[in-house]
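Q: Here is what each chain is made of, one letter per residue.
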Amino acid sequence: MVYLTRKAEFSASHVYHNPEFTPEENLRTFGKCNNPNGHGHNYTLEVTVKGEIDPRSGFVVDLKQLKEVMTREVLDAMDHRFLNKEVPEFATQIPTTENIAIAIWQRLVSKLETAQLHRVRVYETSDLFVDFYGEA
Amino acid sequence: MKAHLTRRYMFSASHRLHSEAMSAEENRETYGKCNNPYGHGHNYVLEVTVSGPVDEQTGMVCNLVDLDGFVEREVLARYDLQNLNTRPEFANHVPTTENLCVEIFQIMQQGFHLAHLERVWIGETMMNSFEYAGGAELRR
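Residue numbers (this note's numbering), protein chains in the order written: chain L, 342 to 477; chain D, 111 to 250.
Excised from the complex, chain D in its bound form (with noise of 0.2 Å):
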């Protein structure tokens, strides 16, 4: 039997909105306020979605030991109370929460094996939030 398991983290980070490809007033139109340049900061809500079949051994998808410590080492402890401006995959991305969603997303895929990614959701704040499937459609 194939289940779908989610686990949500939090994390806080700041960034600012800014892209190098625009002129100081193009920036400032499409960014508004997240272009003021000492940047500002968010509690993220992080949702990852993992789906398998249910172990019969276990009764499990995966272990969520082993789920809680592959974030906690390559997710949560680079970027929770980080600016992500600082991090080198943003240096040429602008740290929009798409691109955030993206990045973890890739993450996830390349070092977590133990069950199959199905989606990373990032709240940013209670009235946005961004999902990412890495191109799949999102089972409701």
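In isolation and in its complexed conformation, chain L is listed as follows (with noise of 0.2 Å):
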């Protein structure tokens, strides 16, 4: 079994906001990440895929594959968007990096071809990351 990762990134804004929550509950649980107007992140993400080497490319994926795949349905959906306002899961989750690394596990894993999805890793900023191993 060989593990290859593919990175990229993308640039979003978002609020952390619960409609269930008092005004008073969603400052104190979310602090400033519950400014009304939102703020924003250069996020890295990086995708790690498993399988097998197929002994005739060499390969364990066709990384065009894997860039075009990241690129249609991760980038294209969320690169310069408002989270909250334009990527439809977080119409009723919290777009926390760990929704974000879960949300883009599910995009993914049924889209690659030939390897298996092993991790995404979310960079919110170089001192905090959230990795999903697809685990309920």
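Because the hints were derived from the structure by calculation, they are not lab data.
Some clues are possibly wrong.
Subject to a maximum C-alpha distance of 25 Å in a straight line, what follows is the list of computed BS3-like cross-link-like pairs (lysine-lysine) [unchecked claim]: (1) L/Lys408 / L/Lys373; (2) D/Lys112 / L/Lys348; (3) L/Lys408 / L/Lys391; (4) L/Lys452 / D/Lys112; (5) D/Lys112 / L/Lys391.
Combine the two chains into a complex, taking the hints into account.
A: Right, here's the structure in full:
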């Protein structure tokens, strides 16, 4: 089994707000991230896939295909977007780094042809990242 | 859905690697320049990884304010700009980064209960780093 990681970057804005919370609860739970006008990050995405090396091509996965899937399923949807308003998953879920990693996993997992998705890592900043392995 | 969250911190501290169980010559052979009697320092980079179900109400494994507050109070306040050899936990343990990693893991495990502690990683320099998962295999 060989693991391969492909990196991408996207920039997006978000706000943390739960409509079921009172304004005080929202502020207490989410702090500055509750600013109603939102704020943004340069996110770094790392997608790790695993598989056996194809003896004919020497590849675990066709990187061109992986890049295309990541661009189509993730970057086109999230890059330079306000996540709460423009990405359907975040109409009902708060776009925390945890939920962004889960949403990206769900967008990619059925679209990969040869390799199996192993991990989605999303860096919100260089000091904070979330890993999702598809666990329930 | 279970996710893993990693947060990175920095602290600077000095240490001297010297074991009372060894002769002066053995200490010099074992630790080399790190055995210099006056000690030396590093800018340590600390990563703490916790895991747990993502809360449906908050979208979080745990609130970063709680994690940052705990690490600030219990780890950074204890070690930042300190000489590790003067700390009681290193009275009988050489303050190698291996031992520091295990110590910080234990501090986190005993005191931070808002998520499951997965691992503590410490970069001592750009060239060497240490990880401890409490005896468990590391998740990659």
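Q: Evaluate each hint against the coordinates.
A: Do the hints match the structure? See the list:
1. A distance of roughly 34 Å separates the Cα atoms of L/Lys408 and L/Lys373; the hinted pair therefore is violated under the 25 Å criterion.
2. Restraint check for D/Lys112 and L/Lys348: the C-alpha separation of about 22 Å stays at or below 25 Å, so the hint holds.
3. A hinted pair counts as satisfied when its Cα atoms are at most 25 Å apart, and L/Lys408 with L/Lys391 qualifies at roughly 15 Å.
4. Taking the CA atoms of L/Lys452 and D/Lys112, the gap is about 22 Å. The hint holds against a cut of 25 Å.
5. Simply put, D/Lys112 and L/Lys391 have alpha-carbon atoms about 20 Å apart, close enough for the 25 Å limit, and the pair holds.
The structure is inconsistent with hint 1 alone, although it conforms to all the rest.
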